[in-house]
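Student: Sequence:
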Amino acid sequence: MHPIKTVCLISALLATTTMALPVSVTDWVKIFDGYSNATLNNADTASPSITNAKKSSLVAPITPVTLLDGDRLTLTGTMTVNGSLNSSSFRFGIYDAPDPLPASGTGDGYLGIAYYNQDGIQKISPTTQTHPFTGTVSEIQNHSTTGTYVPNSPVSYSLSIVRDGDDLTITASITQTGGASPFSSTASGSYTPSSAADYFFDTVALLHTDGFDNQEAFYSNIQIEYTPESSPISHWKTWNNITTVSSDLNTEHPTFGDGSADNADGLWYAGKFDTPVTLEVGEMLTVSATINLTGGVDAGHGDFRLGVYNDGGQFDATPSSGENWSAGYFIVPGSELYQMRTNGAFISTGGDAVDLNADKTNEGVFRGSHTEDYIYSMSITRDSATSVDIVSRLTRNESAYEQVYTKNNLTTSNFTFTTMGGSFGGSLNLDQATYSNARYQVSSAPEPEPGSEDSDEDGMPDTYEFLFGFDPDVDDAASSADSDALSNLEEYLGADGVANTGDETSPVLADTDGDGVDDDDEITAGTDPNSPEAGSADRLFGVDFNRSDAYASPSQSLFRTIAGSTDQASNANSYAKTIGSYTVTVSQPDSEKLEFRGANSDSTRAIPGGDVSCSFLVSDFIATRKGSIRVTMANLPAGDYFFRSYHLDSYTGAGFAFAQGSSTETPNTISVSKGGATLHSVQPTTLGSDGLNTTFISNAQVPRIGCSFSHDGSGPLVLDFDASLSNGSDQFLFLNGFELYLIKP
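Just so you know, the sequence shown maps onto residues -20 to -1, 1 to 725 in mature numbering (1 follows the signal peptide of the UniProt record, and there is no 0).
Among the clues, some could well be false.
Have a look at the derived ranges for each label pair, beta carbon to beta carbon [as the list claims (entries may be wrong)]:
# : residue 1 : residue 2 : range
1 : ASN17     : PRO173    : 30 to 40 Å
2 : SER168    : THR255    : 54 to 64 Å
3 : ALA618    : SER4      : 52 to 62 Å
4 : GLY169    : GLU303    : 52 to 62 Å
5 : GLY262    : GLU437    : 45 to 55 Å
These are calculated hints, taken from the structure and not from any lab test.
From the three backbone atoms N, C-alpha and C, an ideal C-beta is built for every residue, glycine too.
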């Protein structure tokens, strides 16, 4: 027996119920590697990744399931690739895999359903194939694709299979929220299987074809969810009001009361499950029904009570009793969620009943008689060996009526439930209550939302950290994996500071959309870092400060602490450079002197816009002792601009930036202002000078300032840069160079 199948069968044997299956898909195996260089990482998690993914396949076991009528099986996950998605290049599916699995991925015997990302749903037949997703296929339905796929941005995918009688109905999708025109590829269809084997599934697989055109694929939160058809509640009993005329008590649509005045008033009632439900950790019981009330008063909602219970054998006792039940929970609309009393009526709020002080929403007006139906549900999830989460809702179809009660982590020793039931108290004055679709269902509890598990508590979920190769046990929120001015956490949260809203950027790509403008600069400028088409900018010019046109040695210190007198008489306090039609002047407003590094041959070199051959040098800067540098740019047309301090390391390609330095104190802030208004500021990192005249600083320590603004074109544009201590005094300020962009409308 192949190891992957053995894991599957063991999972099935250990399961305590056949109604819920594991959610996370783990234990991935690479079974096809067309170029013999693919590497699978994090194979034992639900967030695997594969390098050199082009022309490769992955499979993983799921607990075996045979779909019965009404059952649903759903595969979901997230993927990020650093290349394009060509037609059919990404395929994912749910299968009955051959046993043993073909070691090379080129065997036969796969049977199941796959989605070809831009060519629709395919039925895979158990015939000779080159790997699990190709070979003899039967198309179920073509796809519908809209928008434009954006590389390096997460896509969500799903494949759902539902048994409807003898048919299988399939829906599939791939969606991406990033970009100006969000990408979406969807399909749906159905077919009638030719044999019982078509309803059996035990494997999930992912394929990257030769057209996948990327070097690495990151997966996250891959889940399989089995949702069985719910079961009817069709065995009902009543207590307390012997005059009530009830009917259809052996169905899921009982009626209590005959419609005459107050005939259902004061009634207790309950319906028993066909089989008692004992929840295991991770399982959820959902009980639901549709209810219509006739003849009651609007002020009687306190006497309308409904819940889920363990009757403790009292339901079938002789005589049957609605008292002294074992456990349960019920709602009183407009009031509270209660834990049932065990020393009296199961619907009483007295005795040892407990007000659970649940989080609640109480909206709208209760109607004791209305043409609209009430929709009731209660979900009880066992979230640990000793606790449950409870959510109960009562809503009305069309009106703005909503009662929601939520209680999490409730300590309990009871995890068995047998009935649903409630009461129509005396103040309700109810003539009749009609039930329909009274049902119960056990399923896997929803997997926590990505981000809910954060082992190192750095604000980024473990799944996200796995996805981008971070360590989920190390707080790296403040780091920047792509060396832009955005931290890893800022990239995860996006520009709006809220995760999963579609504006997140890649933490491993300084320029997510590949338009030549880094993510942090686009966010500062107000353009979209996920769209190369939206709000791009033209680089007008760049200026670098240096002492020569030769590359400096990479071993030289990047910044030099200036020792000695504050007088710099040998240097000027203003330098100018003409770049095309623009004139750029760098000066010190305090009339002190500016010093270029190695001041013997001062120069200011202009870097024309777009001329990438004229590289910035590695170790040159302009310095001032009084903590202020002014940049004046003349002859600029009116428009919206983006300015950023910059200095490209010719050896590493890293973007060194604004700088500051002192052998004694570090400024609290470095800021840039225009017309007295502060545009942007950063808090620099201490240089850590050892008292020598030179100090080396790493790229990650250097702040970079970027700011956007409007210019009316009426005169020169003036920007002032200042570095100040908390007491307001000035400090050393170094500026390596800068660039100016004109933002396109």
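Student: For every hint, state whether the structure bears it out.
Tutor: Hints and how they fare:
1. A hinted range of 30 to 40 Å holds for the C-beta pair ASN17 and PRO173, which are about 38 Å apart.
2. Distance hint check for SER168 and THR255: the Cβ-Cβ separation is about 33 Å, which falls outside the suggested range of 54 to 64 Å.
3. At about 56 Å, the CB distance of ALA618 to SER4 agrees with the hint of 52 to 62 Å.
4. For the hinted restraint 52 to 62 Å between GLY169 and GLU303, the CB-CB distance of approximately 54 Å keeps it satisfied.
5. A hinted range of 45 to 55 Å is violated for the C-beta pair GLY262 and GLU437, which are about 23 Å apart.
In summary, the structure is inconsistent with hints 2 and 5 from the numbered list given earlier, while agreeing with the others.
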